[in-house]
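J.: Since the structure of chain A is already known, use the hints to place chain B on it.
There are 2 protein chains.
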Amino acid sequence: MSKKVLIIGAVALGPKVACRLRRIDPDVEITMIDRDELISYGGCGIPYYVGGDVADIEGLRSTIAHAIRDAEFFKATKGAEVLTGVEAVAIKRAEKKVVVRHLKEDREEEMPYDQLVIATGATPMRPPIPGADLPQVHVVSNLHHAKAIKDAISKGEVENAVVIGAGAIGIEMAEAFTDLWGIDTTLIEMADQVLPQALGKDMSRIAEKKLREHGVELLLSQRVMKINGDAENGVQSVETQEKTIPCSMVILAAGVRPNSQLAADAGLALGRCGGVLVNRRMQTSDPNIFSGGDCAEFPNLISGQEILMPLGSLANRQGRIIATNLNGGAAQFPGAVGAFCIKIFDMGMAKAGLTTAQAAAAGFDPVDVVVAQSDRAHFFPDADFMFMKLIADRKSRKILGVEAAGPQGDAVKARVDAVAPLLKFGVDVDEIANLEVSYAPPYASAMDIVNNAGNALDNTLNGSLKSIDTWEFLEKFKNENARVVDVRSTVQAEPFVEKYGDQWLNIPQDEFRKRVNEIPKDEPIYMLCGTGPRSYECQVILAAHGITNSFNIQGGYGMILAIHEPLV
Amino acid sequence: MSKKVLIIGAVALGPKVACRLRRIDPDVEITMIDRDELISYGGCGIPYYVGGDVADIEGLRSTIAHAIRDAEFFKATKGAEVLTGVEAVAIKRAEKKVVVRHLKEDREEEMPYDQLVIATGATPMRPPIPGADLPQVHVVSNLHHAKAIKDAISKGEVENAVVIGAGAIGIEMAEAFTDLWGIDTTLIEMADQVLPQALGKDMSRIAEKKLREHGVELLLSQRVMKINGDAENGVQSVETQEKTIPCSMVILAAGVRPNSQLAADAGLALGRCGGVLVNRRMQTSDPNIFSGGDCAEFPNLISGQEILMPLGSLANRQGRIIATNLNGGAAQFPGAVGAFCIKIFDMGMAKAGLTTAQAAAAGFDPVDVVVAQSDRAHFFPDADFMFMKLIADRKSRKILGVEAAGPQGDAVKARVDAVAPLLKFGVDVDEIANLEVSYAPPYASAMDIVNNAGNALDNTLNGSLKSIDTWEFLEKFKNENARVVDVRSTVQAEPFVEKYGDQWLNIPQDEFRKRVNEIPKDEPIYMLCGTGPRSYECQVILAAHGITNSFNIQGGYGMILAIHEPLV
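Protein sequences appear in the order of chains A and B.
Counting in the UniProt record's numbering, the first sequence runs without a single skipped number right up to 568 at its last residue.
Counting in the UniProt record's numbering, the second sequence runs without a single skipped number right up to 568 at its last residue.
A portion of the hints provided could be inaccurate.
You can't tell identical chains apart in this list, so a pair holds if it fits in one copy or across any two.
Mimicking EDC-like on lysine to aspartate or glutamate, the simulated pairs with C-alpha atoms at most 20 Å apart in a straight line are [stated by the list, open to error]:
1) 514 / 72
2) 96 / 192
3) 514 / 29
Hint data in this document are derived by calculation from the structure and do not stem from the laboratory.
Nothing here was measured: the structure is a model prediction, and the numbers come from that model.
Extracted from the complex, chain A is given alone in its bound form (with noise of 0.2 Å):
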């Protein structure tokens, strides 16, 4: 009698498992179950189908050939038994048997194993507010709420939307509203910031202007007490503890919990954020069941701290593994650095690793820079700035994360998975100031902007640069009056110092060695040039005449037309 390797949950991770394992394996019994008739789709392409990128929502469970990935599609195409409609109720770890309960029929049954795979994935959390289960209150987990959101759009039956949450899965519904459907769209986070596990906050203010200038409204450090509304008109009105936002559709998109209950009722161990837990085999604590996917937790590879990271690129990988060792292989998942990158209408981001935040809660003495550069060579004509933080360990100087924006997506995923697979290597910062990546005009600059990124944090370490965080610099601009020192052309710093006579000295770089008695000495002054480095490289004379109360505004000019409107 063949192995009967038993499968609960067909969306990402599970289908995955099956079709390796029937290509390594051509007499496994497999079977998978699946509470829901869809299965196999790309839940990350829902924005995409709601925004209008896909046109049917069949195009998120086809395969690149237009199969769709049924249960039919499995057992002719890939060898496998699908059973829809089919919970798992409890695990039998003893008699290796898992209590089913056929929802349709309402009835229960045995099912055994050999082998389990638990991919239960994840439900998004539904905040306890009033009014959080209204009609017309969506999350953003399959697709019966992706067809029912376009639909109410479609009928024109959603004048105004609002948000609530601004990671991944926020922004780009946010995006989906505004871009095609031209719904006013209110997106509301708690945190001072949008993507506040992501990014770092000058970064995220990228971000948040690019959001506003698109017509999001966005609003931070608000908490939603209370979605009013009823259950036959739907939802009126979100309220925040400081406003009432109009709306007649909610997405809720306020993080996922992993759906671990089955697993810990079976009495295997759950990780510290309540995923089921696996060893580098992606087995639990039972050898013979194994998880994967947006339900298991497996460590960070920068702080060693067990995470979850709900996304379908892990849930591919690690499917792969588990297939892997359900037929007696040895391959691993020892974790992941958090690599990630999202489309924010016009521009990409990507990051991977820690924020600072991050790196400082894991016990690390985190040092970063922000640098500005052209995407392509600057000659190009269709260069434009991309921008790139670069986290590192002050006493061992390894990098801990990096964090990039930019118009052109694919470059910024470029700088961002340069660095993300060597993070788990320790590499240091002169690792990276030497970093070889490909090099030609069309696509970048001959010094890379991840060479210059590791140059500025290494000129960091060792003291030369003194840096100020470009939205710390607009605030002392602000309120405190801070002085600007603008090394650009007299040109450019004309209307600026127009405007704040005073407090904008312009001296330009070619200049700077003969001048540098004009700077005043005794307060802090703040060095600006279009990016940073010529800035930089005047701070250093300065530093060379004993003035060393500067800071560079990183990012210089162009990082403050990406966080703020134009100083003049």
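T.: Using the frame of chain A, we list chain B on its own:
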């Protein structure tokens, strides 16, 4: 008295050394000399100046803030002396002096140094063929040539052109000629493929098809025997062993040789490629003399062999390291893995590491795969095919090289740059199969092409995937009536079956398990689908039925279309 640093050459590495050195040492006396009046330019931008992307030649020697990088700029802004029109004639190492000649005044002088930097670059090779020195036979090496080429074109003097050498510069020049100017352009290459140093033959065919589609006449395996013309009228035609191509301009892009004679004459060691030999600190065999950029050689970090790699990005990174070490630091440049990228019309290509042939020559036992995959989530509207080749050593499973191509050049660069920095760490196939790169549907598939290339190579090494190069298959298909088993849908396969009859069997994947008995067992068969994975899955089914004479066509019909005319 302050230390004197003399730098011979002021194009790429030299200026980088000077600027960085000034930043870290305010007191050192820095002098750069150069034969030319035009210094510090982006030589890699010349094809884009000729092709019109860069309108003005000054764009190639301006900073991002539009300052011209001339001697005055370096003095005022960077604190470095530059003497132009000055050639280094000899190095008197015992006296620490360089004999220089002032070219205009034709007088010699001795310049003392404490530390010397040789940044003499490289010179394009002029093959020893008759006519190579005729007017309108140009090399692409400095702004004078660049201007002469563009002036002749814009005056309408160039109706047809021949470019000799299909390396990066030859291809970029051929594109510049055809794309903007509509010049009839013939690109001649001695090897049987373009980019022979950079790409395997299968990937190079993608570039070749792209060049031909855009009107470049491509002559491979052709040796130029003679350039016809006379001093008065310039060139008339180019003769290869097979044909005569009329032309009014010739570009020699047949490689460069390092300008290392000065170093050799001074008794400094040269390497196996004739470049200046340096250690990891970029010191020559004289510890007071440093060298880098196009005139110096360094180890390929995979083969261990010294190589020359004339690239602006390397010169910049090496320049920073030299400056650090001139100042008493201990920065290291251990070598490079040959990361490279190029735009070819509307396509980007990139590579890192060794080609399969280079790997074999270096003593490895290389195994490679080519995969084709969508460059965005396949349900995303502007998704298009990307192609990736991955090469590993059979025994150690270590990755030796990667090559990629696709319409989104930045996305291609992203994939290669994610692998390139890892190569020197000796990562293996499993590392790439599980490589953590950032994912979102607008920028990638959930299982990225990098991961899938790793998976396919893993499958190849463990024997379950047996594939054939697509171009090799095409030869067998045309010349040996090789039999195709097409597992795509009947609708897709029908026209092929109609045209090729018995030579083209169609068994759709979802019927494959039931129809295995229809497969001929007594001959090799070639498995085809859209991109390769479905036909691989069917190959596995065949193997389970004892049929092992099947070969999977790498990259499927997508790869066929990328290198060949449609088969129907």
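J.: Checked against the structure, which of the hints given earlier come out wrong?
T.: 2
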